[in-house]
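*Asks:* Take a look at the letters that make up each chain.
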Amino acid sequence: MKVLTANRLTNGEAVWLAADHSWTSTIQGAEIALDEATEEKLIRAGKAALCKNEVVDVNLIDVELVDGVVRPVRLRERIRAAGPTNRRDLGKQAERFIAVAA
Amino acid sequence: MYRYDEFDHDFVRARVAEFRDQVERRLAGEITEDQFKPLRLMNGVYLQLHAYMLRVAIPYGTLNSRQLRMLAHIARTYDKGYGHFTTRQNIQFNWPALSDIPAILDELATVEMHALQTSGNCIRNVTADHFAGAAADEVADPRPYAEILRQWSSVHPEFSYLPRKFKIAVTGAARDRAAIQTHDIGLHLKKNEAGELGFAVYVGGGQGRTPMVAKKIRDFLPEKDLLAYVTAVLRVYNLHGRRDNKYKARIKILVHETGTEQLTGWIEQEFEALKDGELTLPEDDIRAIQAYFASPALPARPEGDAALREAQADSRSLAAWLKRNVTTHRNPDYAAVTISLKGTGEAPGDATAGQMDAVAELAERYAFDEIRVSHEQNLILPHVARADLKAVYDRLVEFGLETPNTGLITDIIACPGLDYCALATARSISVAQDLSQRFASLERQENIGELKVKISGCINACGHHHVGHIGILGVEKKGSELYQVTLGGSADENTSIGEIVGRGFSAEEIGPAIETIVETYLAWRQDPSETFLQAYRRLGPQPFKEALYGAEARAA
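Chain order of the listed sequences is A and B. The working numbering puts the first residue of the first sequence at 1, with every later residue one more than the last. The working numbering puts the first residue of the second sequence at 103, with every later residue one more than the last.
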């Protein structure tokens, strides 16, 4: 089970490729590849986005579904998806808090 | 401190304009990432986990209040309200947008700062003793020589594409606070029997995956020959250093593989050819640079001792701070103040914009406008009248900057680790925070005494774990964080590389393991005057192995 991730060129923000080929700011919006054909489709879309200078540092990463939530297998990717573990007020996790608070 | 002349101003402005154009072309899609990456790195711009990171050079860790206020302004305006002071006396901003970086560099240029040579295979920011110009034990201020090296090495055409990065450190005291023996070149400024200034030269120190203590290749190099000799070292390295393997490309590997004697022979031969040529430093130029670093006029302030006696009697916390964070100055009416960026549970080296502004205000008001960044990730006010120490302390309290832990177990060096860094394999800030909480009791810390804990989140060793009295290296094993512990390292004039004590510990186990090591030291030390490092050097690893691994250690 994989998703495609990258960083947005303009601000370096961690993003994931969605089913409509847009880059989403949360991993929960990512298209999940369950087979090789879909993985290849994601990789092709990533290469195209790299060429169009939308994103940089494109990588296919392993994820799992835990209670219906997409969770990267590696800690590195979990930190990219949430933000620094020492600062819950920074990164994606901060935006989530704001959303909950609102 | 050094002030830019017209040439410096023009040069930095031209570089910012050049980079602005490169960023614009990148954002417009006119150049690819492969083309742009080396260009951004030459300007201190990295891509990390969550965002770009901008590393700003702080030459030999010296700042004035205007510059520190600018760093605060950048943190507030373009980043998320804080910055991270590094083990190379620089500052990193963790969240700037690429599109904002040219504007940030423009702003930095107005206060004579830039981000050049904070990355890439070039000569990096030259570091120096953070008490330079203030320390009671100093022979001479190392900063003029660091500045001469900065000017010489800035976009040096011959040394801009070295086999690998190159780091130089300078100290002017016998007690090494600049970790010179862990640098590619370490310079120890000293006087010979005739009273002339010169340098002991060390080459080939470094950490990373192959830690090496530098070898002394010259006991006394006359000051006028500084650039000729350093050029000879760089030239030999540039010619013979390995370019086939990134991990074997530092000069330490060349020293190791060639042998100190042979390498010294090559360097001396090159030096003979360069000596007394155009690289010889003219006496007038040395004195002109020294004049920039002349000590501020320090008016007599003899009332300090009486005032402090009275104030300490009223406040135990002030007394604790004076004991730990105040260092003897060459002028008995003055002191050097260490401002700890290691408050309980905090990320080592992080400072908020508000804290930076507060320190800038203190520097302006009480410290002759001078601030230093130490490689131990604290800030220093090098010249404060003892009579003003209480006022400085009171202001630091308002900003949570009064933690009295300099040199104690919670004065931890830690790299950004996996919370920010794209190279990291494990977190280091979280381990530092855990230890900071565990050992929060000042009484306990004082009982333990001097103990340097250094934590790196990968083998590149930015957190200096190899030279920690207790070193912690985080790696990734089977998808989890694993922490290896080394003991007995040191980065002072008796530099040593720590030894791995045994198998590693999980993220949950590492805190208790460090407690066990500390308790073992307390149980085995001869008396409280025997420091952890002294005890380890006397005892060796066995008592610590036994305490950590029990029967397993005995069987081995």
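Please keep in mind that the hints were generated in silico from the structure rather than gathered at the bench. Cβ coordinates follow ideal geometry from the N, Cα and C atoms, glycine included. Where hints are given, some of them may not hold.
[Said to hold, decoys possible] What follows is a list of derived Cβ distance ranges for each label pair: (1) B:389 with A:47: 40 to 48 Å; (2) B:604 with A:74: 51 to 59 Å; (3) B:654 with A:35: 44 to 52 Å.
[Stated by the list, open to error] In the EDC-like style, the derived pairs of lysine to aspartate or glutamate whose C-alpha atoms are separated by at most 20 Å in a straight line are: (4) B:580 with A:57; (5) A:47 with A:64; (6) B:139 with A:13; (7) A:52 with B:372; (8) B:326 with B:372; (9) B:579 with A:62; (10) B:580 with A:77; (11) B:139 with A:57; (12) B:326 with B:363; (13) B:292 with B:595; (14) B:139 with A:54.
*Asks:* Would you mind marking each hint as holding or not holding in the structure?
*Replies:* Okay, the hints, checked on the actual structure:
Checking the proposed 40 to 48 Å range against residue 389 of chain B and residue 47 of chain A shows it is violated: the Cβ atoms sit about 60 Å from each other. Checking the proposed 51 to 59 Å range against residue 604 of chain B and residue 74 of chain A shows it is violated: the Cβ atoms sit about 26 Å from each other. Checked against the hint of 44 to 52 Å, the pair residue 654 of chain B and residue 35 of chain A passes, with Cβ atoms roughly 46 Å apart. Between residue 580 of chain B and residue 57 of chain A the alpha-carbon distance is near 24 Å, which puts this suggested pair outside the 20 Å criterion.
For the given pair, residue 47 of chain A sits about 24 Å from residue 64 of chain A by alpha-carbon distance, which is inconsistent with the 20 Å threshold. Under the criterion of a C-alpha separation no larger than 20 Å, the hint pairing residue 139 of chain B with residue 13 of chain A is consistent with the structure, at around 17 Å. Annotation: proposed proximity of residue 52 of chain A to residue 372 of chain B is violated, straight-line Cα distance about 50 Å (limit 20 Å). For the hint linking residue 326 of chain B to residue 372 of chain B, the alpha-carbon distance of about 16 Å falls within 20 Å, and the restraint holds.
For the suggested pair residue 579 of chain B and residue 62 of chain A, the alpha carbons sit about 16 Å apart, so the restraint of at most 20 Å is met. Straight-line distance between C-alpha atoms of residue 580 of chain B and residue 77 of chain A comes to about 15 Å, which keeps the hinted pair within the 20 Å bound. A hinted pair counts as satisfied when its Cα atoms are at most 20 Å apart, and residue 139 of chain B with residue 57 of chain A qualifies at roughly 11 Å. Only pairs whose Cα atoms come within 20 Å are accepted, and residue 326 of chain B paired with residue 363 of chain B is rejected, the gap being roughly 24 Å.
The straight-line distance between the Cα atoms of residue 292 of chain B and residue 595 of chain B is roughly 14 Å, inside the 20 Å bound, and the hint therefore holds. Between residue 139 of chain B and residue 54 of chain A, the direct Cα distance comes to roughly 15 Å. Compliance with the 20 Å bound is thereby established for this hinted pair.
Checked against the numbered hints given earlier, the structure breaks hints 1, 2, 4, 5, 7 and 12 and satisfies all the rest.
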